[in-house]
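Fit chains P and Z to the given chain L structure using the hints.
Each chain is listed here by its residues.
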Amino acid sequence: MAAIVATDLSKTYRFHRKAPGLRGSIASLFRRETLETRAVDGVSFAIEAGEVVGFLGPNGAGKTTTLKMLCGLLYPSGGAARVLGHTPARREAAYLRRIALVMGQKNMLWWDIPAMETLLLHKEMYGLAEAEFRRTTDELAEILEVGHLLRVQVRKLSLGERMKMELLAALVHHPEVLFLDEPTIGLDVVAQGRVRDFLHRLNREYGTTILLTSHYMDDIEQLCPRVLVIDRGWLEFDGALATLVERAAPHKIVSAVFAAPVPRAVARAALPGLDAGDAEELLKISLTAPREEVADVAERLLRLGRIVDLSVEEAPVEEIIRGIFRPAADPVVAGGGRS
Amino acid sequence: MSAARTLRVVWRLTAVNVMMTLEYRGAFLIYMFNTVADPTISLLVWLAVADQGVALPYDRAQFVTYYVMLSVTAMLTATWLGSYLAEAIRLGKLSPFLLRPAPYILGMVGNNLGEKIIKLPLLLPLVGLVAIFFRHDLRLPTDPRAWALYLLSLPLAATVAFLLDYVIGSLAFWVEDVNGLLRIRTLLGAFLAGQYVPLALFPGELSGLLAAQPFRYTLSFPLEILTGQLSGTALAAGFAWQAGYCIGLWALYRLLWRFGLRAYSAAGA
Amino acid sequence: MAGWESPAPQPRESLARQVVRHLRVWRQFVVMAFVREAEYRVNFFVNVFDGVAQLALAVATFLLIYQYTDEIAGWSRAEALMLVGIYRTVAGLIGLLIEANMMAIPGYIREGEMDFHLLRPVSSQFLVSLRRLRLDEAVNMAIGLGLAIYAGNQAGVRWSALGVLEAAAFMLCGVVLLYALWFATVTLSFWLVQVDTLDQLFFGLFETARYPVTFFKGAVRALLTFAVPVAFATTFPTQALLGQADRRLLPVGLGLAALGLLGTRAFWNHAVRHYGSASS
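Protein chains in written order, with our numbering: chain L, 1 to 339; chain P, 1 to 269; chain Z, 1 to 280.
Only chain L is shown next, with the shape it has when bound in the complex:
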């Protein structure tokens, strides 16, 4: 059974626009222009239990809005969401016990006391048995390597340690579905890697279903076999990351390192598209080629001289993704009526 199902899910926000300046302010006392914006516009997908799915899209594309509808924080203005057989927006206790939300920019831990106290609070809130709570806490603390920090005030922890604690606190009640909004934001590279490793392990060993949004392509690349791309409220892509990359970037990068330098003129003659720069002789040649021409290009390179190293690579995913999203325009639709 699918753990998460979104059917034609939509969310429209209404807000008021005010003309700038003092006159606008005064005018807005009497009359306000109501505007609507479609944050999410008819999104449908299903996620199986045990999947890890990445949510991609530029800022304001509707990622967080969708995530919040799935948690139950926002009411859909159209369509439906089902998570673990529940309607999230009802926020029944039975549902809330089975999910968890972690947001990278926001703390749920109590700031000026040790994290252990927050964990104990969660123990009472989720009605966990003592033995079960101890076992889970010890286990997670060990994997996250934060056991010695449980009795330290949260504000004295580093950003990375704090994020691990947030994860620990979010997981003491064994949620089956974990929603993550930018879980690695602001962390250094090492801490990001640790968090990723942990999430990977969590999914593999506990079967936790994970849906995450992230700005960091490394998160998506290493964690999510499947991605959902959302842009301006539309679901643009749903499938394997590799497929997305293939579709979005039909070019590969072919590089060769030669035993002896190759004269520029020779290289130019063999490879017409080559941008060789100013150097008279080249020791390394690197160029992009359409997928279907990669073999041909490699062959030409081989003919130029003895090759020490030859590689064919995909373009960096981050660049590809950036290429997918057209420059965002103002998504505001005017004329929702006046109030």
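Hints listed in this document are in silico derivations from the structure and should not be mistaken for laboratory results. Do not take every clue at face value.
[Said to hold, decoys possible] SDA-like mimics (lysine to any residue), calculated; alpha carbons at most 25 Å apart, straight line:
#, chain 1, residue 1, chain 2, residue 2
1, L, 106, Z, 277
2, Z, 217, P, 138
3, P, 116, P, 126
4, Z, 217, P, 57
None of the values given here were measured: they were computed from a predicted structure.
For chains P and Z alone, kept in the frame of chain L given last:
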């Protein structure tokens, strides 16, 4: 900076603050309700005492005048900058402002005036309602000179209150936490300014002390003008005290900032 | 490590078990407050000082009034001071249990922390209303009680278990009603941009509890008894201790308190629904 340019800057800053705070008009309305309700309750208590036939220094009309006008006067002389200033100093938020060609204090003046411009039209209808409720006892002065003097002492009172807060907030240059001090100033200041009980009803032996302390000149003095309790000499003395506090506090502010900014930049904030 | 078994769909939790779970959560709030308080020694003294200063000013106001008369609306000076003591006790109780929470709620909404509170399998109203305790207010409560007892002795109160119980019941009604009023006000922050001033409204209304409602007449007294129910918080408990309370008012108070709780619950749920449909 020339006086004309200072005025232009203050006007600009006030306009900006009017715009910024217009958004909070709903909250201000509630706040204004409070500003009116508080003195009204005090008034009712005193009227209950007066109704028992007890001889009091004020008659009914004076009580009503005092407390009805108290809300307007208190709003127009209010300050709230102390903790903001202290925080700006403590967290090093002052720096970007110091590079601007207008003194920092002008921003606070603009904020103060801007909010009051928004609050006044919200407050007046409420005061009007209270005035109608007590119309039988309300005896506002009919002599235009009394009103002229009131309108003269009002900005002076606002200035004393403003500078008092500014000076205390400025202590944040040297003191880690001035919020306790500001709290005492608020509590004690309101009491000694006649916010709850008119100073004229304090024990007679204290009158000398009460006349000399600064809080009288932040609120009580303009109201005393309206209740008609002051003789000519008392009026003159009051204005002298009020002007004196304005000048003295201004000088103190300049002094504190001269040394304070030195401490501030030395700390590298 | 062993995988965790996913829980079977749980049967509906009985009301009794829910109550027990909420009580255990509250107990953890108390523990957390003690852990926190150790961190804030300086604030502790500042707050206690603040409470004492407020009490002193309230007493001073009464002393100024009673210079001119021995009795106001049947209240002697000692009796009025006793009421000030009760006022301080109630203020301390509100400070201890709910004040910090009411002031924090607009921030939860503004900063998005509310999202976490709404996603707990615990009543969100319970959570946001009681999670922070201000233990220093217990000292203010004690000081208030001290004044009430001292002034009560001066007023010639004959202390009885029944009177104390009656006073406590009235006080409970008063605190619940004041909570309901304040919470309803704070709930407005789901709609209003800046609501810090709403707290001021509550404080302003609560200040009227420093006076016996019998000082006032007609509409104002009715207002302070039923609409802004400060009478239940201070006047009626004091009268109960003086043996002058109108017993018929106790069931009225209990009924109003229950109504207040149900009302805020409905309003809160409505506001949370609005949050889910309109916020961005």
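Here's how the hints hold up against the structure:
1. With a C-alpha separation of about 21 Å, the suggested pairing of residue 106 of chain L with residue 277 of chain Z holds against the 25 Å cut-off.
2. For a cut-off of 25 Å, the pair hint linking residue 217 of chain Z to residue 138 of chain P stands: about 19 Å separates their Cα positions.
3. In summary, the hint linking residue 116 of chain P to residue 126 of chain P is supported, as the alpha carbons are separated by about 15 Å, within the 25 Å threshold.
4. Between the alpha carbons of residue 217 of chain Z and residue 57 of chain P the distance comes to roughly 23 Å, so the proposed pair stays at or under 25 Å and holds.
Every hint, counting from the list given before, is met by this structure.
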